[in-house]
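Asker: Add chain B to chain A, keeping to what the hints say.
There are 2 protein chains.
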Amino acid sequence: MSKSLPSRSENYSEWYNELVKRADLAENSAVRGCMIIKPYGYSIWEKMQRALDDMFKETGHTNAYFPLFIPKSFLSKEASHVEGFAKECAVVTHYRLKNDPNGGGVIVDPDAKLEEELIVRPTSETVIWSTYKNWIQSYRDLPLLINQWANVVRWEMRTRLFLRTAEFLWQEGHTAHATKQEAIEETEQMLEVYADFAENFMAMPVVKGIKTANERFAGADETYCIEALMQDGKALQAGTSHFLGQNFAKAFDVKFLSKENQLDYVWGTSWGVSTRLMGALIMAHSDDQGLVLPPKLAPIQVVIVPIYKGEDQLNAIKEKVNPLVKSLRKQGVSVKFDVSENQSPGFKFAEYELKGVPIRLAIGNRDMENGTIELARRDTREKTSMAFEGIEQVVVDTLTDIQEKIYAKALAFRTENTHVVNTWDEFNAKLDAGGFVSAHWDGTSETEDKIKDLTKATIRCIPLDAKEEAGQCILTGNPSNKRVMFARAY
Amino acid sequence: MSKSLPSRSENYSEWYNELVKRADLAENSAVRGCMIIKPYGYSIWEKMQRALDDMFKETGHTNAYFPLFIPKSFLSKEASHVEGFAKECAVVTHYRLKNDPNGGGVIVDPDAKLEEELIVRPTSETVIWSTYKNWIQSYRDLPLLINQWANVVRWEMRTRLFLRTAEFLWQEGHTAHATKQEAIEETEQMLEVYADFAENFMAMPVVKGIKTANERFAGADETYCIEALMQDGKALQAGTSHFLGQNFAKAFDVKFLSKENQLDYVWGTSWGVSTRLMGALIMAHSDDQGLVLPPKLAPIQVVIVPIYKGEDQLNAIKEKVNPLVKSLRKQGVSVKFDVSENQSPGFKFAEYELKGVPIRLAIGNRDMENGTIELARRDTREKTSMAFEGIEQVVVDTLTDIQEKIYAKALAFRTENTHVVNTWDEFNAKLDAGGFVSAHWDGTSETEDKIKDLTKATIRCIPLDAKEEAGQCILTGNPSNKRVMFARAY
Numbered sequence: 251m252s253k254s255l256p257s258r259s260e261n262y263s264e265w266y267n268e269l270v271k272r273a274d275l276a277e278n279s280a281v282r283g284c285m286i287i288k289p290y291g292y293s294i295w296e297k298m299q300r301a302l303d304d305m306f307k308e309t310g311h312t313n314a315y316f317p318l319f320i321p322k323s324f325l326s327k328e329a330s331h332v333e334g335f336a337k338e339c340a341v342v343t344h345y346r347l348k349n350d351p352n353g354g355g356v357i358v359d360p361d362a363k364l365e366e367e368l369i370v371r372p373t374s375e376t377v378i379w380s381t382y383k384n385w386i387q388s389y390r391d392l393p394l395l396i397n398q399w400a401n402v403v404r405w406e407m408r409t410r411l412f413l414r415t416a417e418f419l420w421q422e423g424h425t426a427h428a429t430k431q432e433a434i435e436e437t438e439q440m441l442e443v444y445a446d447f448a449e450n451f452m453a454m455p456v457v458k459g460i461k462t463a464n465e466r467f468a469g470a471d472e473t474y475c476i477e478a479l480m481q482d483g484k485a486l487q488a489g490t491s492h493f494l495g496q497n498f499a500k501a502f503d504v505k506f507l508s509k510e511n512q513l514d515y516v517w518g519t520s521w522g523v524s525t526r527l528m529g530a531l532i533m534a535h536s537d538d539q540g541l542v543l544p545p546k547l548a549p550i551q552v553v554i555v556p557i558y559k560g561e562d563q564l565n566a567i568k569e570k571v572n573p574l575v576k577s578l579r580k581q582g583v584s585v586k587f588d589v590s591e592n593q594s595p596g597f598k599f600a601e602y603e604l605k606g607v608p609i610r611l612a613i614g615n616r617d618m619e620n621g622t623i624e625l626a627r628r629d630t631r632e633k634t635s636m637a638f639e640g641i642e643q644v645v646v647d648t649l650t651d652i653q654e655k656i657y658a659k660a661l662a663f664r665t666e667n668t669h670v671v672n673t674w675d676e677f678n679a680k681l682d683a684g685g686f687v688s689a690h691w692d693g694t695s696e697t698e699d700k701i702k703d704l705t706k707a708t709i710r711c712i713p714l715d716a717k718e719e720a721g722q723c724i725l726t727g728n729p730s731n732k733r734v735m736f737a738r739a740y
Numbered sequence: 251m252s253k254s255l256p257s258r259s260e261n262y263s264e265w266y267n268e269l270v271k272r273a274d275l276a277e278n279s280a281v282r283g284c285m286i287i288k289p290y291g292y293s294i295w296e297k298m299q300r301a302l303d304d305m306f307k308e309t310g311h312t313n314a315y316f317p318l319f320i321p322k323s324f325l326s327k328e329a330s331h332v333e334g335f336a337k338e339c340a341v342v343t344h345y346r347l348k349n350d351p352n353g354g355g356v357i358v359d360p361d362a363k364l365e366e367e368l369i370v371r372p373t374s375e376t377v378i379w380s381t382y383k384n385w386i387q388s389y390r391d392l393p394l395l396i397n398q399w400a401n402v403v404r405w406e407m408r409t410r411l412f413l414r415t416a417e418f419l420w421q422e423g424h425t426a427h428a429t430k431q432e433a434i435e436e437t438e439q440m441l442e443v444y445a446d447f448a449e450n451f452m453a454m455p456v457v458k459g460i461k462t463a464n465e466r467f468a469g470a471d472e473t474y475c476i477e478a479l480m481q482d483g484k485a486l487q488a489g490t491s492h493f494l495g496q497n498f499a500k501a502f503d504v505k506f507l508s509k510e511n512q513l514d515y516v517w518g519t520s521w522g523v524s525t526r527l528m529g530a531l532i533m534a535h536s537d538d539q540g541l542v543l544p545p546k547l548a549p550i551q552v553v554i555v556p557i558y559k560g561e562d563q564l565n566a567i568k569e570k571v572n573p574l575v576k577s578l579r580k581q582g583v584s585v586k587f588d589v590s591e592n593q594s595p596g597f598k599f600a601e602y603e604l605k606g607v608p609i610r611l612a613i614g615n616r617d618m619e620n621g622t623i624e625l626a627r628r629d630t631r632e633k634t635s636m637a638f639e640g641i642e643q644v645v646v647d648t649l650t651d652i653q654e655k656i657y658a659k660a661l662a663f664r665t666e667n668t669h670v671v672n673t674w675d676e677f678n679a680k681l682d683a684g685g686f687v688s689a690h691w692d693g694t695s696e697t698e699d700k701i702k703d704l705t706k707a708t709i710r711c712i713p714l715d716a717k718e719e720a721g722q723c724i725l726t727g728n729p730s731n732k733r734v735m736f737a738r739a740y
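Going line by line, the protein sequences match chains A and B. The working numbering numbers the first residue of the first sequence as 251 and each following residue consecutively. The working numbering numbers the first residue of the second sequence as 251 and each following residue consecutively.
You can take every hint at face value.
Below, computed lysine to any residue pairings styled on SDA-like, alpha-carbon distance capped at 20 angstroms: (1) Lys-586/B <-> Thr-650/B; (2) Lys-297/A <-> Lys-307/B; (3) Lys-307/A <-> Glu-296/B; (4) Lys-307/B <-> Tyr-290/A.
Derived from the structure by calculation, the hints contain no laboratory data. The model shown is predicted, which means the values in this text are computed figures rather than measured ones.
In isolation and in its complexed conformation, chain A is listed as follows (with noise of 0.2 angstroms):
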């Protein structure tokens, strides 16, 4: 706490570090890769589960709860799924220890070798798709609209807390359909949800695109993202939705009776989005200072920290307080009246700031014979002296006004850092500075991939609003007639 955060400017990446351990949000595990998560970054997530369930279940879904472990052969049936996963799995070949009857400790006992090996699911297509065969008929059947939370384990080389984990908490939607048409559909229709959920509840503006065939999904037919700017510059995929066509119905043989009485494979599509979401709200609004929430997803939305000399003045205090809370919380405001003893309110003030909580008001004695009370908003660091009569309603419009600041500051950074470009030095020039650079490519994987050798940024999407226009690829000078959007990306 005495120790102040590394500065952005100074270290971007060392700043987000120890402000994720220093806030209490995550720290690393004695297992290599995965994370724990501490309570008061669980509080966030938990807050991001709520609003993402009531919207999936507003648009239809409902849970279900599939298997941990996915068998080999499964895994293996689609084959450009286990092309994409297979490298990065971890494999249960055993289901018992016993003592080392060489005095070893305990050991895995070698008779209690699984007859299949087994993997940590990185993800459930397939396991799911092996169920719906049993689920799906007909066309009464259809749709089946399913989401499931859940952990899944992908044994990442390099680990960053929140934004690359061995293991990840995360959700994952699995929908069947009878027609090409309604999947696709339901595959837009989840990208919107997910646009809506970062703009709306995190406060983060993103771009809704299509991924190029180097960046989808193993075992889709089309990839739908939506992407957001970093403080740093650098672009972070947000959410999926990937339009599965039939692939999976296909490898695991899921077929139904149409209305017309012709049996057809079933269309497919899945979406997700993860605890990588922390790390996205985390770069997307903190500063040097630390956190800076969102309203909507801050665990305490106001804390109030009282000023004081000896038993009583706290408690003249508490007895002016004490109603502001009652009826904050009635309103739906999660307050924190922090009366703890140990702390000085400048080390609380402190502590506050770095755990992002969108207003603190601080009520000390002169404030008790004015009438008045301090309140500070995070996002601007702003502090104002008010009348103590009607704070109620101010805190309640404040919190409304610090969800739409922090959106507009962060659309703000995203248009100054976006940048349209027709030449490969410009191209450059606006990738070392940053942000998402819209430049015209040829459409060719490999031009894609040489970009991305050249320079390390990669095509983030194809806007779903982007327009047609005639223009030449910023590497190859081949006709392109729509621009993408790069940048370097985590």
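Answerer: Coordinates of chain B only, in the frame set by chain A:
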């Protein structure tokens, strides 16, 4: 749907299995012992989670998340703990698959062997206490009151949906305290929370007690439990709360500096309930027609089925019923107005009966003429024609009444099936008849084992409210000063 369930008296076990499948609660997956929790089953589990989570938070706990994987060496640090769990561990040994160069498809890559094997958590004491070591330095860091919602894996050889599965969902609370007394109070408080939940949400009476040394959690000094009685006369352990003493603090060297500036080991507790509660809920109340759900946990509390011929009649019914639906929902009642046209009212009646919807309202043409509506209670299967006017309040009151009545019914069943016995013959006769058998026991593990071998009955618990009473052990005749509760159990 057309075939009726096996009856409980005919084949209780088959009745349970069929009910779980037909009511869309769960099914077996392709992975041995791992279940799929289907949407309807999961929606009941979600209601349980929400209620429990609220209770945990009201008692000062916060949620966090710890890794799925536990290094083998961690599990071994607490001697009795590893003894208890080593025999049923899923072990991860590799982190990659690859294509077999000899054409054998996808195989485990022998070059990707982990240096140390990882265990899929069977419970998280070890990984959590290894973390607490870093979180706890002084009495100021205590108590630490953390809960986790997670999946765990215990490689059971004989599995049954919900009751015993290789993977299950649960919550596990892990708390750390400065004093023994405080840790014991926490252990007891959480037992009370579980008992409160079982009785007031699940409508399932429970006996609160302490486990004998034989049945204690591996690593605990004392295990508290709640035990419920199922309709076939078998007991089911529904939740446990463990006083861990300083065992895990010692295993992971977790010390704190007390107010008196003394360095001492921390005191711990852990407590959990799992998806096993779903099995308990099903078996506690359901009948030969299907599920009977307590209104507080029913995903659909009221279903309204229209009985009509032609569009006009349906429209008239809709016009009358829609305001009722709206106003019930406003009161927080979850209502389904089933206007689907593919199925007959009779089919719908059977379906909602199978799924345990507490109240069914049916309204037809004659009701429309007479200003009536038919109300059917799932618990008693009584049908009553009532005035439509005022039905809203009747529904609300009936939901409360059903919640109370099914608890009362389960309590009466348990009272009838709890037997106090004093001789070995009586003991055996009552065990065969089914139910709890209250008897004297000499307090030795040896006698307990012998009784288990002879009768298959175990000591479910030493009830917390057991009175001091001189007596003789049912088997050995040795002196005893308290009765304990025996039963055959799930």
